[in-house]
Each structure stands twice: as structure tokens, then as C-alpha cells.
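A.B. asks: When you get a sec, could you build the whole thing from the sequences and use the hints?
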Amino acid sequence: NNLFKKSNINIKKHKIHFLTVARLNWKKGLESTLEALAIFKEKCSANFTYSIIGDGIEKERLSYAVKNLGLDKIVQFKGQLGIEKVKDYYKKSDIYLQYSVQEGFCNSVLEAQAMGLLVIASNAEGLEENIIDGRTGWIVEKYNPSLLAEKIENIINIKNNKLDLVRKNAIERVNKKFNLDNQIKLFKNFYD
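Here my numbering is used: the first residue of the sequence shown is 666, the next is one more, and so on.
Since the hints were derived computationally from the structure, they do not count as laboratory data. Errors might be hidden in some of the hints.
[Stated by the list, open to error] Listed next, with one range per pair, are the computed distances between beta-carbon atoms:
(1) 800 <-> 767: 19 to 27 Å
(2) 837 <-> 724: 31 to 39 Å
(3) 735 <-> 815: 15 to 23 Å
(4) 819 <-> 757: 18 to 26 Å
(5) 842 <-> 707: 36 to 44 Å
(6) 725 <-> 826: 42 to 50 Å
Keep in mind the model is a prediction, meaning the values are calculated, not measured. Think of the CB as a built atom: it goes at the ideal place given N, C-alpha and C, for glycine as much as any other residue.
C.D. replies: Next up, the structure:
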């Protein structure tokens with residue numbers, strides 16, 4: 666609801682801030698995300714950062730991938746953070762990436778949309794329930810870093826008024842469909 670708000674930012678005129686909030690596990694597709702960002706960096710020479718909030722068993726392997734892909738000055742592992750710090754990262758980020766290999770329903774994707782971030786997610790299971798492709802965010806086929814890089818480039822080249830409409834649609838959908846009252850009603854109907 667109103668806890669999450671974001672002002673419009675022109676991603677074409679400033680450093681782009683990408684964000685993912687996830688445990689560092691192979692299921693989250695972070696290595697493919699890093700590969701996509703390396704492709705994007707090479708192709709577009711854009712000025713960007715990528716913050717990953719979360720911790721897990723894959724940190725060492727992902728750190729190696731960051732260095733190997735030449736992203737060590739761009740990618741920042743933030744570790745596990747409290748909700749207020751996470752909220753601060755949502756506020757200062759532009760594009761949320763959830764390029765998971767396997768995923769149930771993802772609250773972080775909803776939070777990012779509620780904060781007005783542009784969200785790109787994979788087509789892994791439950792993520793397609795979080796986003797209406799092209800209307801509240803974008804769905805990209807998993808296991809295809811080149812396609813993800815291309816989608817990022819395409820989004821950055823969309824006119825700002827269309828990006829603002831996607832943000833608005835996402836915020837409205839999260840507030841309407843995923844509010845607590847609606848969730849209680851759905852659970853009650855399920856068990857009745």
C-alpha cells in the first residue's frame with residue numbers, strides 16, 4: 666500500500682541502478698543476471714550499478730563470476746538487510762531484476778512494483794503471477810542472458826511516459842490485487 670512509493674526517474678539521463686533482493690542460491694538465476702548485465706555493459710556502455718541484497722551459499726561463486734565478467738566496479742553484494750534499509754534500496758533503484766530459474770510467488774517483485782520500479786522477471790513458475798507482461802513489468806524467458814540484456818536495452822529506450830504508465834499500472838495492481846483484505850478474502854474462499 667502507501668508504505669511503498671517512488672518518484673519518477675529518467676533512467677536515460679543518470680546512472681541506472683539495478684536491484685535484486687534474494688537469497689544467494691542457484692534458483693535465483695543470479696549468474697545469468699550477471700551475464701546479462703555484462704552483455705548489456707559491452708553493448709550499450711551504459712553507466713549503471715547493480716545491488717544484490719541477500720546472503721547465501723552461492724556468494725563466493727557469484728563473487729568470482731562478478732570479477733570474471735568484469736563487473737567488480739559495478740556489482741555490490743549488500744548482504745542481509747532490515748526492511749527499512751531494503752526499502753531505501755527500492756527507493757533509489759530504477760529497475761528490479763528477478764531472473765530466477767525456479768520461483769514461487771515472489772514478494773520482492775510485488776514490493777518493487779509497489780515502489781514504482783520497472784520490473785523484469787523470468788518466466789519461472791510463480792513470477793508470471795506477479796507481473797502482467799508489458800503492462801506492469803516484463804517477463805523474459807529464463808536461461809537466456811542475451812535476451813535479458815536485450816530486454817533491458819529495449820526498456821531503457823522506451824519513452825518516459827510509457828515507462829510511467831507501466832509504473833502506475835504496477836502500483837495500482839499491487840494495491841488492488843495483493844492488499845491484505847483481498848488476500849484474507851481469497852484464503853477464506855479457498856477454505857470454504
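A.B. asks: Each hint: holds or not?
C.D. replies: Here is what the structure says about each hint:
Between residue 800 and residue 767 the Cβ separation comes to about 24 Å, which falls inside the hinted range of 19 to 27 Å. A beta carbon spacing of about 36 Å between residue 837 and residue 724 agrees with the range 31 to 39 Å that was offered as a hint. A C-beta distance of roughly 19 Å is found between residue 735 and residue 815, which places it inside the suggested range of 15 to 23 Å. Between residue 819 and residue 757, the C-beta spacing of about 23 Å keeps the proposed range 18 to 26 Å intact.
Restraint check, residue 842 to residue 707: a C-beta distance of roughly 38 Å satisfies the suggested window 36 to 44 Å. About 43 Å separates the C-beta atoms of residue 725 and residue 826, a value consistent with the hinted range of 42 to 50 Å.
Violated hints: none; the structure is consistent with every hint.
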